[in-house]
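Undergrad: Given next are the chains, with one letter for each unit.
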Amino acid sequence: MKLNIDGLLVYFPYDYIYPEQYSYMLELKRTLDAKGHGVLEMPSGTGKTISLLSLIVAYQKAYPLEVTKLVYCSRTVPEIEKVVEELRKLMDYYARQTETKNDFLALALSSRKNLCIHPEVSSLRFGKEVDGKCHSLTASYIRAQHHSNPSQPVCQFYEKFDAVGRQVPIPPGIYNLDDLKDFGRRKGWCPYFLARYAILHANIVVYSYHYLLDPKIADLVSKELAKKSVVVFDEAHNIDNVCIDSMSVNITRRTLDRCQTNVETLQNTISRIKETDAAKLREEYRRLVEGLKEANVARETDIYLSNPVLPDEILQEAVPGSIRTAEHFVGFIKRFLEYLKARLRIHHVVQESAPQFLKDIYEKVCIDRKPLRFCAERLRSLLRTLEIADIADFSPITLISHFATLVSTYSKGFTIIIEPFEDKTPTIANPVLHFSCMDPSIAIKPVFGRFQSVIITSGTLSPLDIYPRILDFRPVTMASFTMTLARTCLCPLIVGRGNDQVAMTSKFETREDFAVIRNYGNLLLEMSAIVPDGIVAFFTSYIYMENIVASWYEQGILENIQRNKLIFIETQDAAETSMALEKYQEACENGRGAILLSVARGKVSEGIDFVHHFGRAVIMFGVPYVYTQSRILKARLEYLRDQFQIRENDFLTFDAMRHAAQCVGRAIRGKTDYGLMIFADKRYARADKRGKLPRWIQEHLTDGSLNLTIDETVQLSKHFLRQMAQPFRQEDQLGLSLLTLEQLQSEDMLQKIAQIAQQA
Amino acid sequence: MDDQGCPRCKTTKYRNPSLKLMVNVCGHTLCESCVEMLFVRGSGNCVQCNTPLRKSNFRVQLFEDPAIDKEVEIRKKVLKIYNKREFDFSTLKEYNDYLEQVEDIVFNLTNNIDVEGTKQIMEQYQRDNKDIIQKNKAKLTREQEELEELLLQEQQDSEQRRLETLQEEQRQLQAKRKSKQALLDELESSKLPAAVLLAQHKDRAAQLETQIEKQKQNVKPANIFSTGIMMGQTVSFASVSRVEEVLYVYQPLFIDTYGPPVPGLDQLGRLGYLNHVRTASPQDQAGGYTSGLACHRAIQDAFSGLFPS
Numbered sequence: 198m199k200l201n202i203d204g205l206l207v208y209f210p211y212d213y214i215y216p217e218q219y220s221y222m223l224e225l226k227r228t229l230d231a232k233g234h235g236v237l238e239m240p241s242g243t244g245k246t247i248s249l250l251s252l253i254v255a256y257q258k259a260y261p262l263e264v265t266k267l268v269y270c271s272r273t274v275p276e277i278e279k280v281v282e283e284l285r286k287l288m289d290y291y292a293r294q295t296e297t298k299n300d301f302l303a304l305a306l307s308s309r310k311n312l313c314i315h316p317e318v319s320s321l322r323f324g325k326e327v328d329g330k331c332h333s334l335t336a337s338y339i340r341a342q343h344h345s346n347p348s349q350p351v352c353q354f355y356e357k358f359d360a361v362g363r364q365v366p367i368p369p370g371i372y373n374l375d376d377l378k379d380f381g382r383r384k385g386w387c388p389y390f391l392a393r394y395a396i397l398h399a400n401i402v403v404y405s406y407h408y409l410l411d412p413k414i415a416d417l418v419s420k421e422l423a424k425k426s427v428v429v430f431d432e433a434h435n436i437d438n439v440c441i442d443s444m445s446v447n448i449t450r451r452t453l454d455r456c457q458t459n460v461e462t463l464q465n466t467i468s469r470i471k472e473t474d475a476a477k478l479r480e481e482y483r484r485l486v487e488g489l490k491e492a493n494v495a496r497e498t499d500i501y502l503s504n505p506v507l508p509d510e511i512l513q514e515a516v517p518g519s520i521r522t523a524e525h526f527v528g529f530i531k532r533f534l535e536y537l538k539a540r541l542r543i544h545h546v547v548q549e550s551a552p553q554f555l556k557d558i559y560e561k562v563c564i565d566r567k568p569l570r571f572c573a574e575r576l577r578s579l580l581r582t583l584e585i586a587d588i589a590d591f592s593p594i595t596l597i598s599h600f601a602t603l604v605s606t607y608s609k610g611f612t613i614i615i616e617p618f619e620d621k622t623p624t625i626a627n628p629v630l631h632f633s634c635m636d637p638s639i640a641i642k643p644v645f646g647r648f649q650s651v652i653i654t655s656g657t658l659s660p661l662d663i664y665p666r667i668l669d670f671r672p673v674t675m676a677s678f679t680m681t682l683a684r685t686c687l688c689p690l691i692v693g694r695g696n697d698q699v700a701m702t703s704k705f706e707t708r709e710d711f712a713v714i715r716n717y718g719n720l721l722l723e724m725s726a727i728v729p730d731g732i733v734a735f736f737t738s739y740i741y742m743e744n745i746v747a748s749w750y751e752q753g754i755l756e757n758i759q760r761n762k763l764i765f766i767e768t769q770d771a772a773e774t775s776m777a778l779e780k781y782q783e784a785c786e787n788g789r790g791a792i793l794l795s796v797a798r799g800k801v802s803e804g805i806d807f808v809h810h811f812g813r814a815v816i817m818f819g820v821p822y823v824y825t826q827s828r829i830l831k832a833r834l835e836y837l838r839d840q841f842q843i844r845e846n847d848f849l850t851f852d853a854m855r856h857a858a859q860c861v862g863r864a865i866r867g868k869t870d871y872g873l874m875i876f877a878d879k880r881y882a883r884a885d886k887r888g889k890l891p892r893w894i895q896e897h898l899t900d901g902s903l904n905l906t907i908d909e910t911v912q913l914s915k916h917f918l919r920q921m922a923q924p925f926r927q928e929d930q931l932g933l934s935l936l937t938l939e940q941l942q943s944e945d946m947l948q949k950i951a952q953i954a955q956q957a
Numbered sequence: 015m016d017d018q019g020c021p022r023c024k025t026t027k028y029r030n031p032s033l034k035l036m037v038n039v040c041g042h043t044l045c046e047s048c049v050e051m052l053f054v055r056g057s058g059n060c061v062q063c064n065t066p067l068r069k070s071n072f073r074v075q076l077f078e079d080p081a082i083d084k085e086v087e088i089r090k091k092v093l094k095i096y097n098k099r100e101f102d103f104s105t106l107k108e109y110n111d112y113l114e115q116v117e118d119i120v121f122n123l124t125n126n127i128d129v130e131g132t133k134q135i136m137e138q139y140q141r142d143n144k145d146i147i148q149k150n151k152a153k154l155t156r157e158q159e160e161l162e163e164l165l166l167q168e169q170q171d172s173e174q175r176r177l178e179t180l181q182e183e184q185r186q187l188q189a190k191r192k193s194k195q196a197l198l199d200e201l202e203s204s205k206l207p208a209a210v211l212l213a214q215h216k217d218r219a220a221q222l223e224t225q226i227e228k229q230k231q232n233v234k235p236a237n238i239f240s241t242g243i244m245m246g247q248t249v250s251f252a253s254v255s256r257v258e259e260v261l262y263v264y265q266p267l268f269i270d271t272y273g274p275p276v277p278g279l280d281q282l283g284r285l286g287y288l289n290h291v292r293t294a295s296p297q298d299q300a301g302g303y304t305s306g307l308a309c310h311r312a313i314q315d316a317f318s319g320l321f322p323s
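Protein chains in written order, with this note's numbering: chain S, 198 to 957; chain L, 15 to 323.
This is chain S alone, in the form it adopts within the complex (with noise of 0.2 Å):
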């Protein structure tokens, strides 16, 4: 259908719309209009995706001069690909509609192990060997190689890429992933550099946050993109976490023994190489010494390794003397190396500033700031230089280098923490130096700084004014939208005490509590003989599961509860876990149907949707806080409490909750789905944590659904799964939740819509 949204042409692929997904166009246009950032929050299932997709296509067909391209970031590469289907859906309707045939280019990427061709390379599994064998098939100096010594292999999809790919730009269309390696595959190109190559020029680029948030990657892939972009973050309910990791650094004995053989491979390459090519050397040295950029003289296949501070942050000066030669430069990073073991070697935990560690490896092994902050550059060169094809053996020296250059860069919003061995396990010496950054503003600020819009949007994002505040910017609009509904298909339910009135909830005190636990169980076993097919139950971590588990099995529960269902297990492996997942799904699509506990913030509370009968009800045993005695968090914590203003328990509730409203959003995927959302725990009733979660959920939970008895919640289940039951068509959404084009042009309509947005 065709919309007019606020003035613009929207072609919308379906023929119908839900009012929501109007609201949010309107707010999306707003957004763009004043070329500004947003924070958006709509509940999942409800067709964000196809709604960003057509205001932004329809805004830069209309407007080609003000928004010139769109990136559309997501977390993983389902997720990519449903993002292209979606917009594969939407071109074909624009040709359909205005007959002329299409012009614009959009296409995924993803990393060289998704997109690589090369019958050899391709089948490695490691995404970093994948990489590595890449850069020794196609890095500058091998293919400089073959040219004299043809019996050095190279990768003929690059070479043929590179003889032509570059000046026949890619017909216009619509590419995933593979897509890209069918069009590789039958010109023989290398569909990654390809894709690299294309994005430049593509309309709409598909692809994780980690090109445009981590400093490594983000300088090779995202660096000449428009400043007229809209950058959209899809499910960014964990960016401030995505951003941390990627400017954090973990040390461990391991990687720093590792570390020691690289040093002595570049010594042993060093010394060979200035037997027999002395000249390179030299001509390295020369470059150093004139402070030439290196950046014009490589090209795209050996920038490998990429600083990892923000482009703002590097010193645009000469090396320092001190590092120029190559065997200065080894020595350097052996002093480096042997202070870092002897600071591995301790047997109490330290936590200190960037600065006291400077002053600290000054006084101890005489290294400047500068220097160091030199490091990963002068590594690079230094690699390249020695031609080391094999760069993947390389990480752990690289890691060090990283770390050298960020802590001699940033002085503030880092911490350094020396572990002498784990929490869990106090008699087994395992140091580990963490050099954690807390300021997720760091990573993405270059971003909001770069491009004119930056959305930010997912089902889970509430409280909506956190999210600008720890990740410092200022937004334009910021509104959370709910779900208009038909009929109420989703009942959230606070279970709060057992049948013998003994609270429930997995409070530290009483968590162990034989009471506490056995209702837990009695919860489950009351649930699984109601409820039809499947139930998803989440823990709050993997030891409390096992705990419990254990313990209902004493008691005979589980027993009892596989009399109704069978029972899958998630475990912290991942290949343990998709075949769990698996026969879930089997179980479920025959029979009695089957219960899953996992555990919040692993792999199926982030990323697996259990749409329909996959899960009729959730269940959250406890509030999934953080484990708070691990140090970094205290850091990061005390961090955001001095330079935010924001409270350790308001930061440690908005966690949890937004961890407990992704788990039990996992349930309700659409507007004919239904399912229970059940709490068990009674400081789900207090006001600070309830009004934490996402406004849809909020609005469904009645002063009579809080702190209920197991007896409570089974009635009021068995009540509302009888009410699902009933069928449901279509036409009992049409004019409330789902709505044709007229019905949409209605006055009255127009006027609902405009509440369902609500600013923050």
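A hint or two may mislead.
Said to hold, decoys possible - Once the Cα atoms are required to be at most 30 Å apart in a straight line, the calculated DSSO-like pairs of lysine-lysine come out as: (1) Lys34(L) to Lys567(S); (2) Lys561(S) to Lys34(L); (3) Lys94(L) to Lys561(S); (4) Lys609(S) to Lys133(L); (5) Lys151(L) to Lys561(S); (6) Lys704(S) to Lys915(S); (7) Lys24(L) to Lys561(S); (8) Lys133(L) to Lys90(L); (9) Lys149(L) to Lys561(S); (10) Lys24(L) to Lys567(S); (11) Lys556(S) to Lys133(L); (12) Lys107(L) to Lys90(L); (13) Lys567(S) to Lys107(L).
Said to hold, decoys possible - Which residues of chain L face chain S? A partial, calculated answer using Cβ under 10 Å: (14) Asp79; (15) Asp102; (16) Lys107; (17) Thr155; (18) Leu165; (19) Leu307.
If you are wondering where the hints come from, they were derived from the structure by calculation, not from laboratory data. Ideal Cβ positions, reconstructed from N, Cα and C, are used throughout, including at glycine.
Once you have looked at the hints, place chain L on chain S.
TA: Same frame as chain S, now just chain L:
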């Protein structure tokens, strides 16, 4: 670390966890007991390389690789002499060359390449740059200064925070105790009904709160002199080295106006130019204005650019 051991008595860290390894200037290790035994007289030769050593020069080995210990030792010595700072050089390139030279010296000394020659170079340098070395001894490099500043800031911040939380706690505790006591007293002695007393009590408590809030001030300890120099910073008193250059000579400015010469200010009245401008009123003259000034400027303006250039 466990497999490290003394090369002489073959004890390892694994067998004797309290083993202390020592390093001397040559970079070879010995355990503490072997040092005690071999160097009873205070000096002797290294077991491995036969370098004459003193007992007092033995240090506890800090790093796994004794060569690093040796290098750091040498480096510290070299840096004591080679202590020029970045601002002692006119260009960055010179400074970088200097840094590399230092690095070369350390490298040579550590790897026993041309030790004698290098030492000579060092001595020569020391003689040549006596003043600068002396002057720079007390000074920190700019980066170190920055670091020190940051550290100081950090310390102050944490101290401030600690004080604040302490104050907060104290305040709350005190207020609670006081109000409770007051309430009890009043309930005991007053004839008013209890409800009224409670309400009064509440009011007072609120007042008290605001009062304390006002008292609480951010007392920032002074750590910077009014001149902007940090307290406790070391200032070098060595004389500034003299720079000899050619003295500057003033050259009067000459402007080519491409026009006839402009008469001077004092001649304007005589030549009759002043008849054509408004005479200055007493108010104008109060500020030092004379009609000649405006006239002179107008003539300059009119005369310039009359001749073809």
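Undergrad: So, for every hint listed, does it hold in this structure?
TA: Here is how each hint holds up against the structure:
Taken as a hint, the Lys34(L) and Lys567(S) pair is broken in the structure, with Cα atoms around 34 Å apart against an allowance of 30 Å. Among the hinted pairs, Lys561(S) with Lys34(L) is consistent with the structure: their alpha-carbon atoms are about 19 Å apart, no more than 30 Å. Note on Lys94(L) and Lys561(S): the hinted pairing holds, with a Cα-Cα distance of about 15 Å set against a maximum of 30 Å. Among the hinted pairs, Lys609(S) with Lys133(L) is inconsistent with the structure: their alpha-carbon atoms are about 42 Å apart, more than 30 Å.
Under the criterion of a C-alpha separation no larger than 30 Å, the hint pairing Lys151(L) with Lys561(S) is consistent with the structure, at around 18 Å. Restraint check for Lys704(S) and Lys915(S): satisfied, since their Cα atoms lie roughly 29 Å apart, inside the 30 Å limit. Our distance criterion of 30 Å between C-alpha atoms is met by Lys24(L) and Lys561(S), whose separation comes to about 28 Å. Restraint check for Lys133(L) and Lys90(L): satisfied, since their Cα atoms lie roughly 15 Å apart, inside the 30 Å limit.
Only pairs whose Cα atoms come within 30 Å are accepted, and Lys149(L) paired with Lys561(S) is accepted, the gap being roughly 24 Å. In summary, the hint linking Lys24(L) to Lys567(S) is not supported, as the alpha carbons are separated by about 41 Å, beyond the 30 Å threshold. The suggested pairing of Lys556(S) with Lys133(L) holds, with an alpha-carbon distance near 29 Å, which does not exceed 30 Å. Simply put, Lys107(L) and Lys90(L) have alpha-carbon atoms about 24 Å apart, close enough for the 30 Å limit, and the pair holds.
Using a Cα cut-off of 30 Å, the hinted pair Lys567(S) and Lys107(L) holds, with the two alpha carbons roughly 14 Å apart. Checking Asp79(L) against chain S: minimum C-beta separation of about 6 Å stays under 10 Å; hint holds. Using the Cβ-Cβ criterion of 10 Å, the hint placing Asp102(L) at the interface with chain S is not satisfied: the shortest such distance is roughly 14 Å. This hint holds: Lys107(L) has a C-beta 7 Å from the nearest C-beta of chain S, less than the 10 Å allowed.
Given the 10 Å rule on beta carbons, the hint for Thr155(L) holds: about 7 Å separates it from the nearest Cβ of chain S. A least Cβ separation of about 5 Å between Leu165(L) and chain S falls short of the 10 Å threshold, and the interface hint therefore holds. For the restraint placing Leu307(L) at the interface with chain S, the shortest Cβ-Cβ distance is roughly 51 Å, beyond the 10 Å limit, so the hint is violated.
The structure fails to meet hints 1, 4, 10, 15 and 19 from the earlier list, while all remaining hints are met.
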